[in-house]
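Put the complex together from the two separate chains, hints included.
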Amino acid sequence: MSKGENRKSLVARFATRDTGVAIGLYVLSLSAAIFVSALLVAATGGSATAVFDALLDGSLRSQGAWGLTLTTSAPLLLVAVGTIVATRAGLVNIGQEGQLLIGTCVAAYFAVRVGGPGWFVIAVALLAGAAGGGAWAGIAAGLRAWRNVPEVLTTLLLTFVAFPLMTFGLRQSWLLKDRDTERMNQLNSGERLPANANLPDLMIFGNSIDSGFFVAIGLAFVLTVMVGRTVLGSRIDMLGFNPRAAQRFGVSAGPLSAAVLIGSGATAGVAGAVLLTGGAASDRLVFGFSGNFGWDGLLVALLARNRVMLAIPMAFVFAMLRTGSSFLAATGVDRKMTDVVQALLVLALLLPPALLFIRDRRRSLAPSNLAVSSAPIAVEVS
Amino acid sequence: MFEAIGTLLSSESLYTSAFQLSVLFVFAASGEWVAERAGTLNISVEGMLLAGAFGAVVGHQWVASSFMGLAVGALGGLSVAVVHANLSHRLTANQFVVGLALNVLVLGLTAFLDGSFDFGPARADVVRLPLVADVPLLGEALGNRPWPAYLAYPLIPALWWAVFRTRWGLEVRSVGENPQAADVSGIDVNARRRQAIYVTGLTCGLGGAFMVLGQVGTFQSGIINGRGFIAIAAVIFGGWTLRGTVIGCIVFGFVEALTIAIPANRYSIDPFILDAAPYIVALTVVLAFAARVRAPNALAQPFTRGLT
Numbered sequence: 001m002s003k004g005e006n007r008k009s010l011v012a013r014f015a016t017r018d019t020g021v022a023i024g025l026y027v028l029s030l031s032a033a034i035f036v037s038a039l040l041v042a043a044t045g046g047s048a049t050a051v052f053d054a055l056l057d058g059s060l061r062s063q064g065a066w067g068l069t070l071t072t073s074a075p076l077l078l079v080a081v082g083t084i085v086a087t088r089a090g091l092v093n094i095g096q097e098g099q100l101l102i103g104t105c106v107a108a109y110f111a112v113r114v115g116g117p118g119w120f121v122i123a124v125a126l127l128a129g130a131a132g133g134g135a136w137a138g139i140a141a142g143l144r145a146w147r148n149v150p151e152v153l154t155t156l157l158l159t160f161v162a163f164p165l166m167t168f169g170l171r172q173s174w175l176l177k178d179r180d181t182e183r184m185n186q187l188n189s190g191e192r193l194p195a196n197a198n199l200p201d202l203m204i205f206g207n208s209i210d211s212g213f214f215v216a217i218g219l220a221f222v223l224t225v226m227v228g229r230t231v232l233g234s235r236i237d238m239l240g241f242n243p244r245a246a247q248r249f250g251v252s253a254g255p256l257s258a259a260v261l262i263g264s265g266a267t268a269g270v271a272g273a274v275l276l277t278g279g280a281a282s283d284r285l286v287f288g289f290s291g292n293f294g295w296d297g298l299l300v301a302l303l304a305r306n307r308v309m310l311a312i313p314m315a316f317v318f319a320m321l322r323t324g325s326s327f328l329a330a331t332g333v334d335r336k337m338t339d340v341v342q343a344l345l346v347l348a349l350l351l352p353p354a355l356l357f358i359r360d361r362r363r364s365l366a367p368s369n370l371a372v373s374s375a376p377i378a379v380e381v382s
Numbered sequence: 001m002f003e004a005i006g007t008l009l010s011s012e013s014l015y016t017s018a019f020q021l022s023v024l025f026v027f028a029a030s031g032e033w034v035a036e037r038a039g040t041l042n043i044s045v046e047g048m049l050l051a052g053a054f055g056a057v058v059g060h061q062w063v064a065s066s067f068m069g070l071a072v073g074a075l076g077g078l079s080v081a082v083v084h085a086n087l088s089h090r091l092t093a094n095q096f097v098v099g100l101a102l103n104v105l106v107l108g109l110t111a112f113l114d115g116s117f118d119f120g121p122a123r124a125d126v127v128r129l130p131l132v133a134d135v136p137l138l139g140e141a142l143g144n145r146p147w148p149a150y151l152a153y154p155l156i157p158a159l160w161w162a163v164f165r166t167r168w169g170l171e172v173r174s175v176g177e178n179p180q181a182a183d184v185s186g187i188d189v190n191a192r193r194r195q196a197i198y199v200t201g202l203t204c205g206l207g208g209a210f211m212v213l214g215q216v217g218t219f220q221s222g223i224i225n226g227r228g229f230i231a232i233a234a235v236i237f238g239g240w241t242l243r244g245t246v247i248g249c250i251v252f253g254f255v256e257a258l259t260i261a262i263p264a265n266r267y268s269i270d271p272f273i274l275d276a277a278p279y280i281v282a283l284t285v286v287l288a289f290a291a292r293v294r295a296p297n298a299l300a301q302p303f304t305r306g307l308t
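Chains X and P, in that order, give the protein sequences.
Last residue of the first sequence: 382 (the working numbering), numbering continuous.
Last residue of the second sequence: 308 (the working numbering), numbering continuous.
Chain P with its partners taken away, still in its complex shape (with noise of 0.2 Å):
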């Protein structure tokens, strides 16, 4: 029992398997934490990153180069974002029902495109990072990755530069935290939130293309396969920080990529306890940290001026 978890903790590609994931589910927490803060518990994020993986293959076959389908990826998930933000912070149609249909929408609309035309594989570089990537054990997850992944390292700090370092920033949060006050203060509460999806948008848009480009190399409809809710329960993990968020991710990478070794390292555990792990891990850790963290004050509620 021992020695088998021995192994399997020593195996290199279980690593590279939970970093790949795990970076995955940063690119789309950390917006979606941006977008929290603001107040928006957007459900769309499901959407947004397979509108960005599509928009990665589609990029890729336009120009045959990994930076347009990066490229491409981030519009795709920004238009999601804009037709989301607009919905719901200024035609004040009710958030939810917004996401979901914007889920059900792009699922069916880039497997109906998916199925009309011919896409061809869409792989980015690996590229070699100096020195990290010699670290034992780590190395290759952290330093040998397909270049997109490492966009992920600058997004962080960038993230949080943004959210506590600048005026933006503050606003943002303040809209999140009491937007009847930021009003009278003369912040543009529904134009902040609006603007937190478009970085929802965004890096989801990226988190879509790097699942096309770094990890499958070509779009399938279920390629994204409910990651986009793991998302948004890794951002309740962290309760709402930004560093307990990168946890969550990480943490969530893990489990599923133990999920995938578990079986490659021939240990029979129920196929049904190996699919449901990471929703189970999800379950567990949202019950066991939501009541102990403070979410933003207005998450979830509309605002519209004059009425309280």
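This is chain X alone, in the form it adopts within the complex (with noise of 0.2 Å):
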């Protein structure tokens, strides 16, 4: 076959009717989605196009936006690459705001106290995070493996566990609070980080990006070229696809599962290690510091269907929602708004796969297709 023949295929497949409709059915359901969030923005008194031009001017259009932006989508590309692949193995891990709570909380632990080198300490606070996150993701991991507890409970259940663990640990002071006696204010906050334990910035035209970004944009790419080029990848995919015949091709379904499981949750704790080292929040641990990057971070990865390199953009969506809310004041509309148009995204993308499948279905079942099966039914019949 010549080169000229392949690409001539290669465009064909893509051309089709198929893909056309695919993507009409894609701007035909998000426009919808934005229309249905555009209605009720009206529909309480608010101007759509306020809102709208609200939130690019928070995201994108103003002094340094953009680079927030990026800075912002790091925690929710890291949550999110860590559960696609957990998804990919069949796995449905829903705790990542408690293992991003944990993570950020043993990576203030060790930062605050390893002293030494800046590099050094953003590296322990990392490796800390990564930790933690993937402890507590690990205790779902092991009662799964233990007693088969369906992890989509244990690790939500976990999370409600980790909100008040933390609370706990911001009130003594051998764990994370604040060992500072000078300062007034010590009521549920944590020690200030060494202030050569900040994750250097990246000038772009005035727009700093937090080096985090770099973290998670490279472990997208490792994560990529680990699911769909490596053994390790193709055993996560078949344990998804049918864990009792990836067993039989030698796939230990228990150990890797547990491993995966741990992985996203190591993903999601180093998360919070860059959310806290990034200083963008605040320069220690604070009540209430997760923020929802793990909420948003798993359902940036729900969206990007399993996909790792998908989950960049809509990390990218997910964050310019984010800093664009805190534009909305201006407009009087409430910033919940934001959650409302989230979820409806989220609704928005799942339509058309779904569509097309069942179209795709009905198509193979039509009676034309099945001639050929249905030919030896007629000659019985006669």
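These are computed hints drawn from the structure, not numbers from a lab.
Any given hint might turn out to be false.
[As the list claims (entries may be wrong)] Derived list of chain P stretches under chain X, where covered just means 3 residues or more per stretch with a C-beta under 8 Å from a C-beta of chain X: (1) 84 to 93; (2) 113 to 121; (3) 224 to 236; (4) 280 to 290.
The structure presented is a predicted model; accordingly, all values stated were derived computationally and were not measured.
Idealized CB from N, CA, C, for every residue including glycine.
Structure follows, in structure tokens:
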């Protein structure tokens, strides 16, 4: 086959009517989601165009905005890539919020204690975050392996334990509470990180991008290769498609799924550590630190439909909604509106693949396609 | 120590608050139980409860009757169920993704609408059941409650009857155990699964409405606060039997009531343990029971005809 033919077939494969229909469906359902959101804003007395403007101003157009958006997308992406790998292995981890929180706590504990040069503190914090998040997911993994408890439930219940646990830690000075007795307001706040333990920022056109973003992108690339090009990746996929068949092919289902679950907790923990050392939110651990990054990262993963690379633009869109929402106050519309938009986007992106799947199935079950198989039956009847 | 426990256990208010929370769990978990018997691990319970709670204030605002609040609350829960059921069992979208997205959607939507409109208080009247209310210690809890609480009493036998004594119930159980076999014998598997989710929506709508009308009196966006997930744990606790599920609801209701009663009686336990207690208990209980009982065979497995 010549090179030209190959290219032609590639074009022919993508430029079919089916692709057109798929793109059309996505455009349609996404605009429906945006339309419904606009309708909601209008129904409650707001101006939809003003809201749209404010979101764009806050996320892209104002000074330094897109750098902030990229920085914000880092923890989302980190949470999402781990979740995607877990989902590919057929696991339903929905406790990223708790894993992120525990990861942050462990990272904060070590970051204020190790001392040494800045890069060392940062490295320790990131590793500690991974260990913390991984350990928290590890509880769920252990329960699943030991007693076959569904991880959907345990990861979630553990999230609700993580919140009080963090509050507990913030009240004990041997754990996370600020040991600086000079400071007035020590309640519910952790110790300040050493000044050199701040992830360096990259300045581009007046936008400062936290290096956590590059950590996230790097991890996304590594995991893409891992999932698509390695034996481990195909084992994970096999496990997700059919655990029993995977076992037959020599995949040890139990240990592998436990490892994947722990790994996804670890990336959530790293996300927490990046949030902490990035310094965007605060230079210390404070009450309510996680700010729903775990939940939103999970949604990003769900939207990316198991493709690690797709998580990058999805994380960016969610980060846009986040940074944009800080400009919403001027329009008089509640910030909660961005939650609604996010959920509607998720639902909208669910529809097209489902519709296409159904259409394909109908088509394959249509009489004309079943002619071959129905022929012998017709003979029998006559 | 023992004296303290004695004082706690002999206070009527402990039993009332335990009963109130148990009623919420019964509404949510009994419906969830039906959906799980049909093979859906429905995680949008949280959203359904919240929609029910929001529906209750809307309904109450509209006609100023607690009956209307309850009815609109049930509709609120049902509408979440309709979206969930049709997305996951008609359009074959992943049930966990749909459930999670719906939880976020309802949480955002109700908080947003709650901020945009002003709702007055919405309370149901307390009705005193004769005889029952005179039982010492427990009477106040069982027989002197806002009237929607009493709907939980007939709900349990009604659901038991529907699932174990009707053709519909047999079909629901069969699609949860062996959808292929059910399909071959002419049962519309996904239709039964959708209907089971509608049942969850209705009961959760009632539960959420009860939370507003019978407990809190207004809508707050944190009114459910993860209790829907505890209801799911109650079903697992009960080993997918209705009896066990109800017992689970009572246990979880009691644990949560204790976390309220202990500080109220000025006993000091670290608030961490109190806040985390219901979830830790749920985890331990799930751990203890999950291996011993048998889940519906096709739980959380989507069904598409012709594919195995």
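Status of each hint after checking the structure:
no. : hint       : result
1   : 84 to 93   : holds (count 4)
2   : 113 to 121 : holds (count 4)
3   : 224 to 236 : holds (count 5)
4   : 280 to 290 : holds (count 6)
Violated hints for the displayed structure: none, as all numbered hints are satisfied.
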